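Peer 1: So the protein lines, in turn, are chains A and B. With my numbering as the guide, the letters of the first sequence map in order to residues 1 to 112. With my numbering as the guide, the letters of the second sequence map in order to residues 113 to 226.
It is worth saying that the hints were derived from the structure and are not from the lab. Please note that the accuracy of each hint is not assured.
As the list claims (entries may be wrong) - Computed list of lysine to aspartate or glutamate pairs in DMTMM-like fashion (alpha-carbon distance at most 25 Å, straight line): (1) Lys56(A) - Asp168(B); (2) Lys56(A) - Glu184(B); (3) Lys169(B) - Asp67(A); (4) Lys123(B) - Glu41(A); (5) Lys57(A) - Glu139(B); (6) Lys165(B) - Glu126(B); (7) Lys59(A) - Asp83(A); (8) Lys57(A) - Asp83(A); (9) Lys182(B) - Asp150(B); (10) Lys169(B) - Glu191(B); (11) Lys123(B) - Glu191(B); (12) Lys70(A) - Glu191(B); (13) Lys165(B) - Asp150(B); (14) Lys56(A) - Asp67(A); (15) Lys182(B) - Glu126(B); (16) Lys59(A) - Asp168(B); (17) Lys70(A) - Asp213(B); (18) Lys182(B) - Asp168(B); (19) Lys123(B) - Asp67(A).
None of these values were measured; they are calculated from a predicted model.
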Amino acid sequence: TQLLEQSPQFLSIQEGENLTVYCNSSSVFSSLQWYRQEPGEGPVLLVTVVTGGEVKKLKRLTFQFGDARKDSSLHITAAQPGDTGLYLCAGDLTGGSYIPTFGRGTSLIVHP
Amino acid sequence: DAGITQSPRHKVTETGTPVTLRCHQTENHRYMYWYRQDPGHGLRLIHYSYGVKDTDKGEVSDGYSVSRSKTEDFLLTLESATSSQTSVYFCAISESGSSTDTQYFGPGTRLTVL
């Protein structure tokens, strides 16, 4: 059973379009992180959200943590080819020493 | 960029042979992790370490062992490699091990078991 479900699995869009990817669970997370991974490299942390309802912005990326801390979304405005990559969410179920649970990821391709 | 290196970066081996992957950090971070990444499964934790000689199992630890004799090095050993262990392996480090801490990932090792 996958504890963190990400959707969509794949997304192919044109430059300038907006998009939203989702990370959902039936469990409550004490915190949730979003990573971006480019081909042939390791994931890089984008943001950490810890409070239900929290919204964080990173340039054209907007991250939201659900009020019940069971879901999160990542919205990209005016996508650019440089946004291409695998977006992963990772959550902490334990609240103690961090044993992260990763979703399977959303693979995004932005065409020029 | 955090100072994390993995070696080798690519390896092809045969079923039944032992394989050791090395992760080296220059950040003096306490926590180190080994993950594997497979299509359709995402990143799964194999083992992690919370200090020298202190290690614990992750979600998919069967067939793997680890050792950490120095702060900077975390070794992952496949005692007898199987084709199901063909994967990309990532090492990560974290300063405090808390859920709000940043995990820094290495560049990965692509392992093929024939």
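Peer 1: All hints, please: hold or fail.
Peer 2: Hints, one by one, checked against the model:
no., hint, verdict
1, Lys56(A) - Asp168(B), "33 Å, violated"
2, Lys56(A) - Glu184(B), "33 Å, violated"
3, Lys169(B) - Asp67(A), "32 Å, violated"
4, Lys123(B) - Glu41(A), "16 Å, holds"
5, Lys57(A) - Glu139(B), "28 Å, violated"
6, Lys165(B) - Glu126(B), "29 Å, violated"
7, Lys59(A) - Asp83(A), "12 Å, holds"
8, Lys57(A) - Asp83(A), "15 Å, holds"
9, Lys182(B) - Asp150(B), "29 Å, violated"
10, Lys169(B) - Glu191(B), "16 Å, holds"
11, Lys123(B) - Glu191(B), "15 Å, holds"
12, Lys70(A) - Glu191(B), "38 Å, violated"
13, Lys165(B) - Asp150(B), "28 Å, violated"
14, Lys56(A) - Asp67(A), "14 Å, holds"
15, Lys182(B) - Glu126(B), "29 Å, violated"
16, Lys59(A) - Asp168(B), "38 Å, violated"
17, Lys70(A) - Asp213(B), "20 Å, holds"
18, Lys182(B) - Asp168(B), "16 Å, holds"
19, Lys123(B) - Asp67(A), "45 Å, violated"
Checked against the numbered hints above, the structure violates hints 1, 2, 3, 5, 6, 9, 12, 13, 15, 16, 19; every other hint is satisfied.
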